[in-house]
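Below are the chains, spelled out letter by letter.
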Amino acid sequence: MYKLFYGKMKSVCMRYTRDQDQARDVLQEGFVKVFQNLEKYTGVGSFEGWVRRIMVNMSIDRFRKLKHDFVLLGANQDIENWKEHAEEDQEDEEDDDYIYDITPEQIVEAMQQLSPAYRTVFNLYVFEDYSHQEIAEALGINVGTSKSNFAKARKNMKKLLIKNIKTSNEQNSPSI
Amino acid sequence: MSKILPRFEHSLKDQMSEHKASYDPKDWYDLQNRLKINTKSGNHAHAVAIVATIAVLITGSVLFYRLQFASAQANLASENDRFADTNNQVLRLFYPHGDSAEINIGNDVVLNPEVLTNFPLDKTTSNNKVSNSTEVSTQFSADFSQTVVVDQPVSTTKEKAPNSVGFTANTKEACEGVEVEFGVTNGPKEGSYLWNFGDGHFSSDINPKHKFTKAGTYDISLSITSDYGQINTTVMPDLITIRPTPIANFKWEFVNENPETPQLKIVNNSDNASSYQWKFADGTTSKDVSPTIDAAKKGKQLVTLLVVNEYGCKDDAVKTIMVNADFNIGASSGFNPSKDNFMPAGLKDNKVKFEMSIYTTFGVKVYETISKTKGWDGKLADGSIAGDGSQYTWKVVMTTDNSKEEKYFNGIVTIIP
Chain A
1 MYKLFYGKMK SVCMRYTRDQ DQARDVLQEG FVKVFQNLEK YTGVGSFEGW
51 VRRIMVNMSI DRFRKLKHDF VLLGANQDIE NWKEHAEEDQ EDEEDDDYIY
101 DITPEQIVEA MQQLSPAYRT VFNLYVFEDY SHQEIAEALG INVGTSKSNF
151 AKARKNMKKL LIKNIKTSNE QNSPSI
Chain B
177 MSKILPRFEH SLKDQMSEHK ASYDPKDWYD LQNRLKINTK SGNHAHAVAI
227 VATIAVLITG SVLFYRLQFA SAQANLASEN DRFADTNNQV LRLFYPHGDS
277 AEINIGNDVV LNPEVLTNFP LDKTTSNNKV SNSTEVSTQF SADFSQTVVV
327 DQPVSTTKEK APNSVGFTAN TKEACEGVEV EFGVTNGPKE GSYLWNFGDG
377 HFSSDINPKH KFTKAGTYDI SLSITSDYGQ INTTVMPDLI TIRPTPIANF
427 KWEFVNENPE TPQLKIVNNS DNASSYQWKF ADGTTSKDVS PTIDAAKKGK
477 QLVTLLVVNE YGCKDDAVKT IMVNADFNIG ASSGFNPSKD NFMPAGLKDN
527 KVKFEMSIYT TFGVKVYETI SKTKGWDGKL ADGSIAGDGS QYTWKVVMTT
577 DNSKEEKYFN GIVTIIP
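These protein sequences, in sequence, are chains A and B.
FYI, the numbering used here numbers position 139 of the first sequence as 139, with every residue one higher than the one before it.
Add 176 to the 1-based position in the second sequence for the numbering used here, that's all there is to it.
So here's chain A without its partners, still in its complex pose (with noise of 0.2 angstroms):
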């Protein structure tokens, strides 16, 4: 089992993560707690997506315990700020909303060069379906920093991702 599901779950961790020792140790975790909580699965659902949950449980768990370390942008801020960010977002939308070719390598990448108040927010808005409300409650943060930090993950998101194409590019191109 653990062969079967290491792969996509390594992934799931390495999004929630800063590097490989950080995902592989969440990893771990994440699977001792599947051992020790089988009885505990119902049958209801996939499970594989079960263990998921716990992956991401695991990832979110080690955030806030972590919490206190990391400057949560826009912690303080109220809906307002959300707004603006909201806006600028919705301005940048229209002329790259699509960044071809990129490989799940290039986006864990980008994922892992978040700050971890973004890539959390962002891991659980985009991959796992978290609502703000949900996301808000998971962390212990309010809905309007969910927002902004999600506003921002996404922008960085989009910039890093372009950044290290490009350099990958570079990379692969013959020097010659």
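Each hint can be trusted.
Simulated restraints, written as ranges between beta carbons of each label pair: (1) B:K348 / A:K155: 50 to 56 angstroms; (2) A:K40 / B:T417: 41 to 47 angstroms; (3) A:S46 / B:D395: 26 to 32 angstroms; (4) B:K387 / A:D129: 46 to 52 angstroms; (5) A:V143 / B:K196: 30 to 36 angstroms; (6) A:K155 / B:K390: 43 to 49 angstroms.
Below 20 angstroms or equal to it, Euclidean Cα-Cα: the simulated SDA-like pairs (lysine to any residue) are: (7) B:K196 / A:R24; (8) B:K463 / B:D492; (9) A:K163 / A:Q106; (10) B:K179 / A:S131; (11) B:K189 / A:P116; (12) B:K550 / B:I588; (13) B:K189 / A:S46; (14) B:K387 / B:E349; (15) B:K212 / A:D25.
What the hints contain is simulated information worked out from the structure, not anything from laboratory work.
Cβ coordinates follow ideal geometry from the N, Cα and C atoms, glycine included.
Following the hints, complete the assembly by docking chain B onto the known chain A.
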């Protein structure tokens, strides 16, 4: 809940949906260690039972993940776990210390009948928990909600799978392409063996031999499936290190740096070698990287090169160099006295001291010179010019500046019209 994501987010999610990070086998050991820490003493049976439960789930996904199944199960079954069949959707596990767990394995789970027949089923009708003895650490029983109880037969030594199968290799380090021999210690006589050499190759021999073709460090694992279907896997991480093998190769070119003798300059283009050993047809040897050898004699020259790298891995190359003619200091075989004179090219083009004499076929000297500018013009002792088709013998004694040794050459020259 599901929301509609903008295209950017949607494309990211799409890309990531099937992504799998590459597998690092070390993590499995790490996990086992963590599990040990987390399930100290009393919880051990619990953990084992869980592991076995997972094995059942894996069995279920066999249709989709047959390969993955095989390897995962091998790992999971390593502690003598047993699991069993069900036609029902609920799998209930009883742990020796009294807990039980129920797992709904769903309709889409298909158990592999081949595996099931390998497990001895003790068909007592009982719904009772199996509260067993002291050997709980490696056993559990499962009740599949109706009547079939699968008992865990690990207590009899006969059925017990080998717990501590060890294995050996005749070396820990080898060169690419060198056969490594593996052997088993403490292995059962019955059962099927499956060796995984870690390079994508497998063997079902008990004592296999395997050639690794790429340098690297390999984890070796051995899975022994007993006649009862128990699979015992032993893994030795980084057991074998394969060193790169050098590649011996060379080519050559004729050089004319030495007027006495044409030479072959050997161009060594071996890869990854640190020392060289040359052996030549005349029995001489050299340890130079690219030696130069004489090639005065007509015929085949066998050249052998043995290369060794820092790990002691070797390779050799044998080539035959063909010398088409004896060296005659570049003397032409004929000349026309009215247009030319006779002076071997090897004397003309180099700074050497020599004496050249020309003789008739009867051994009468007709000419001699020590100057390269004064070749024989065909004049005989009586002042006449040698006739067309007549042949004369030439002899050259040569001394070079750096050695007092004399070299002697001779040949025949024909007067041509």
